[in-house]
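Participant: FYI, my numbering numbers position 47 of the sequence shown as 51, with every residue one higher than the one before it.
For the record, the hints were derived by calculation from the structure and aren't laboratory data. All residues carry an ideal CB built from backbone N, CA and C; glycine is no exception. Please note that the accuracy of each hint is not assured.
Taking CB as the label site, the calculated pair distances span [unchecked claim]:
#1 Gly220 / Ala74: 22 to 32 Å
#2 His27 / Ala190: 16 to 26 Å
#3 Ala252 / Gly220: 10 to 20 Å
#4 Gly134 / Thr281: 41 to 51 Å
#5 Arg265 / Ala8: 23 to 33 Å
#6 Ala167 / Glu247: 15 to 25 Å
#7 Glu81 / Pro251: 37 to 47 Å
#8 Thr39 / Asp225: 42 to 52 Å
#9 Asp28 / Pro159: 16 to 26 Å
#10 Ala145 / Glu88: 17 to 27 Å
#11 Ser118 / Gly90: 13 to 23 Å
#12 Gly239 / Pro116: 15 to 25 Å
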Amino acid sequence: MFSARLREAMAAHGPVCVGIDPHDHLLEEWGLPRTAAGVREFGLRTVTELAGSVAAVKPQSAFFERFGSAGVAALEETLAACREQGLLTILDVKRGDIGSTMAGYAQAHLTPGSPLSADAITVSPYLGVGALGAAFDLAAANDRGLFVLALTSNPEGADVQHARTGGKVEGFGDSVAGSVAAAVAARNAELTGGEGLGPFGLVVGATIGSAAADLGFDPSDCGGPILTPGVGAQGAGRAELLEVFGPAALSRNQVVVAVSRAVLGAGPEGLAEAARTLNAALRM
5 MFSARLREAM AAHGPVCVGI DPHDHLLEEW GLPRTAAGVR EFGLRTVTEL
55 AGSVAAVKPQ SAFFERFGSA GVAALEETLA ACREQGLLTI LDVKRGDIGS
105 TMAGYAQAHL TPGSPLSADA ITVSPYLGVG ALGAAFDLAA ANDRGLFVLA
155 LTSNPEGADV QHARTGGKVE GFGDSVAGSV AAAVAARNAE LTGGEGLGPF
205 GLVVGATIGS AAADLGFDPS DCGGPILTPG VGAQGAGRAE LLEVFGPAAL
255 SRNQVVVAVS RAVLGAGPEG LAEAARTLNA ALRM
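Using the sequences and the hints, build the whole thing.
Facilitator: Rendered as structure tokens:
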């Protein structure tokens, strides 16, 4: 199961998942052009330098897509390189749609053999968690994972995610985010019978402080892995991770720490060392 492979990789290397985010300023710092060729080189260098040093990488699709078909081709090559190196991929695409459209996105990213396939993808539940059914089903069938946006690190997300639904879900409170977590937990329970972690997780920011507790739920009760941005450049560290998730979730390798600038800023020759240093600082 995806979650078992992810936890095994985290046990070996630590919780850090490095984003492959070829921002323009990073392309310049790496001496690369602001072109599809530049992002291709950025992606491939990152994979080469980090393979065997981190649990997973998280390519941000938008930075590749902005260059059109050539950029998408660069993303395909980056994903292929990860597969060749045995490096787990969480493709950050935040897909979320209904019916056959969601099924199309799922087929693109969760079908073995697809050039844009990944081990897991990020998805948005804000057309309703039920609308993600095709992604849940295909991920389960193909041993892939999903990370569903719940409590994100951007401050404006609270307007929707903290909103009250008017109906409580046992153990998850009555917020929109809590209802998302409850739906993910139910999907995992269908696969695991409540034993161990399932393949479906949440995106919960390391910068949210007491928000989850204030809303009446524990993100780790989703029954799957948790992808947490916000560490490093956004200001969160070990103390913030402990506040949001507690020591138990961290020690059982349930929390995947998504980091980009704090590692990528070290340059291609310094990536592996920066990742190892951060992993050492965050290990329980």
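Participant: If a hint holds in the structure, say so; if it doesn't, say that too.
Facilitator: Status of the hints after comparison with the structure:
1. As the Cβ distance of Gly220 to Ala74 is approximately 47 Å, the hint placing it in 22 to 32 Å is violated.
2. For His27 and Ala190, the hinted distance range of 16 to 26 Å is not satisfied, since their beta carbons lie about 37 Å from each other.
3. As the Cβ distance of Ala252 to Gly220 is approximately 18 Å, the hint placing it in 10 to 20 Å holds.
4. Here the CB-CB span from Gly134 to Thr281 is close to 42 Å, well matched to the stated 41 to 51 Å.
5. Between Arg265 and Ala8 the C-beta distance comes to about 30 Å, which sits within the given range of 23 to 33 Å.
6. In this structure the hint that Ala167 and Glu247 lie 15 to 25 Å apart at CB holds, the actual value being about 23 Å.
7. For the pair Glu81 and Pro251, the supplied restraint of 37 to 47 Å holds, since their beta-carbon distance comes to about 40 Å.
8. About 45 Å separates the C-beta atoms of Thr39 and Asp225, a value consistent with the hinted range of 42 to 52 Å.
9. Between Asp28 and Pro159 the CB atoms are about 24 Å apart, so this pair conforms to the stated range of 16 to 26 Å.
10. Range check, Ala145 to Glu88: Cβ separation about 24 Å, and the 17 to 27 Å hint holds.
11. Our hint of 13 to 23 Å for Ser118 and Gly90 holds, since their Cβ atoms are close to 18 Å apart.
12. Checked against the hint of 15 to 25 Å, the C-beta distance between Gly239 and Pro116 comes to roughly 38 Å, which is inconsistent with it.
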